[in-house]
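So the sequence shown is numbered by our numbering: it starts at 510 and just counts up by one.
It is worth saying that the hints were derived from the structure and are not from the lab.
Please read all numbers here as calculations on a predicted model, not as lab measurements.
One or more hints might be untrue.
List of simulated lysine-lysine pairs, DSBU-like, C-alpha gap at most 30 Å [to be verified]:
no., residue 1, residue 2
1, Lys530, Lys548
2, Lys518, Lys576
3, Lys551, Lys576
4, Lys576, Lys548
5, Lys530, Lys518
6, Lys536, Lys557
7, Lys530, Lys576
8, Lys555, Lys576
9, Lys557, Lys530
10, Lys576, Lys557
11, Lys552, Lys576
12, Lys536, Lys576
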Amino acid sequence: MCDTIVALKNSTLNNCVLFGKNSDREKNEPHIVIRVPRKEHKKGEKVKCTYIEVEQAEVTYDCFLFKPSWIWGAEMGVNEFGVVIGN
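Given the sequences, and given the hints that come with them, work out the whole structure.
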C-alpha cells in the first residue's frame, strides 16, 4: 500500500506546494525518472501500454515521470502545467 502526502501553499514557509509519495518497491528495484516531451498525435493513433493498447490523445503534454523500470506507465508524474499525480 502506498502513502501520499501534500503540503499546500499555506503550509510551507515559501508558499510552494510539496508532493510526496512512497513507491512500495523492493529495495533494489530500479525506479527511474524520464522526461516525455509534448507531442501531437494523429487522430485514431494507438499506444501500447503494459498489457493493453488504447487510443492515444491528440496532444500529450511535456512531463516528468517517475516509474519502475519494467512497466510502461508511471507511479508519479508532473506535467508542464504543474499538475502532479501519484497512484
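Status of each hint after checking the structure:
1. Lys530 / Lys548: It holds: about 27 Å lies between the C-alpha atoms, which stays within 30 Å.
2. Lys518 / Lys576: 26 Å, holds
3. Lys551 / Lys576: 26 Å, holds
4. Lys576 / Lys548: 20 Å, holds
5. Lys530 / Lys518: With a Cα-Cα distance of about 18 Å, the restraint between lysine 530 and lysine 518 holds, given a limit of 30 Å.
6. Lys536 / Lys557: The hint holds at about 28 Å.
7. Lys530 / Lys576: 12 Å, holds
8. Lys555 / Lys576: OK: lysine 555 and lysine 576 at ~21 Å, within 30 Å.
9. Lys557 / Lys530: 26 Å, holds
10. Lys576 / Lys557: 16 Å, holds
11. Lys552 / Lys576: Holds: lysine 552 and lysine 576 sit about 27 Å apart, inside 30 Å.
12. Lys536 / Lys576: 14 Å, holds
Of the numbered hints stated above, none is contradicted by the structure.
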